[in-house]
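Asker: Produce the entire structure from the sequences given, and follow the hints as far as they go.
If you want the building blocks of each chain, they are given just below.
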Amino acid sequence: ELKVEQNPLFLSMQEGKNYTIYCNYSTTSDRLYWYRQDPGKSLESLFVLLSNGAVKQEGRLMASLDTKARLSTLHITAAVHDLSATYFCAVDGNNDMRFGAGTRLTVKP
Amino acid sequence: GAVVSQHPSRVICKSGTSVKIECRSLDFQATTMFWYRQFPKQSLMLMATSNEGSKATYEQGVEKDKFLINHASLTLSTLTVTSAHPEDSSFYICSAGGWGRGTEAFFGQGTRLTVV
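Chains A and B, in that order, give the protein sequences.
If you're matching positions, the first sequence starts at 1 in my numbering and goes up one per residue.
If you're matching positions, the second sequence starts at 1001 in my numbering and goes up one per residue.
Quick caveat, the hints were computed from the structure, so don't treat them as lab data.
Note that the structure is a prediction, hence the values are computed from the model and not measured.
Ideal Cβ placement from N, Cα and C applies to all residues, glycine included.
Treat the hints with caution; some may be incorrect.
Across the chosen pairs, the derived CB separations fall in these ranges [said to hold, decoys possible]:
| hint | chain 1 | residue 1 | chain 2 | residue 2 | range |
| --- | --- | --- | --- | --- | --- |
| 1 | A | Phe10 | B | Val1003 | 30 to 38 angstroms |
| 2 | B | Pro1040 | A | Asn18 | 24 to 32 angstroms |
| 3 | B | Glu1052 | A | Glu15 | 43 to 51 angstroms |
| 4 | A | Arg60 | B | Ala1072 | 25 to 33 angstroms |
Answerer: Set out below in structure tokens:
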């Protein structure tokens, strides 16, 4: 069974700081997704990573995928308050898709 | 990007009644759609995979007789929560696209179900 572990589960940051969220998964897959969820809302797609070594950046967020290590990272650069949300990674394991537990990010002034 | 529309966004129902939630793909055909349930402050749990023209595939532990899924067309899947109870209160989200094809999955707006 595909298992996805995400950490940290809670992250409190000061504005302007950098941090990384980690997503490990248990079986072979080269399809990994990052989503953002605001309270009471559905999921917003951030990144789609489809190959080993894939790196994508959008604004202050950058995601990467290492399929050999079964690890993806979501790096936050110079955090701002608007980034406060819950971030989920999700792994597509060929008809077995699983979400990480989510990282609740709070960015404080 | 593609749009998935889910309706209603909120519903309150009495215990013992049934509630139907619709999920539509607005600008693409979706042979497969997915239904998730999310309890407060938890992650999304896949409930079932909805297949157009055939029976849904349910995840272990999900009662197929309680959560009826119908995928009668390439643009519409419905989830009916039958004989709802307070413990069924949750946030239900559908998605289409992606999964298994390496393309982006699109999510509906979600339905907040409250059973009183």
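Asker: Taking the hints in turn, state whether each one holds.
Answerer: Here's how the hints hold up against the structure:
| no. | hint | verdict |
| --- | --- | --- |
| 1 | A:Phe10 <-> B:Val1003: 30 to 38 angstroms | holds, 32 angstroms |
| 2 | B:Pro1040 <-> A:Asn18: 24 to 32 angstroms | holds, 30 angstroms |
| 3 | B:Glu1052 <-> A:Glu15: 43 to 51 angstroms | holds, 47 angstroms |
| 4 | A:Arg60 <-> B:Ala1072: 25 to 33 angstroms | violated, 43 angstroms |
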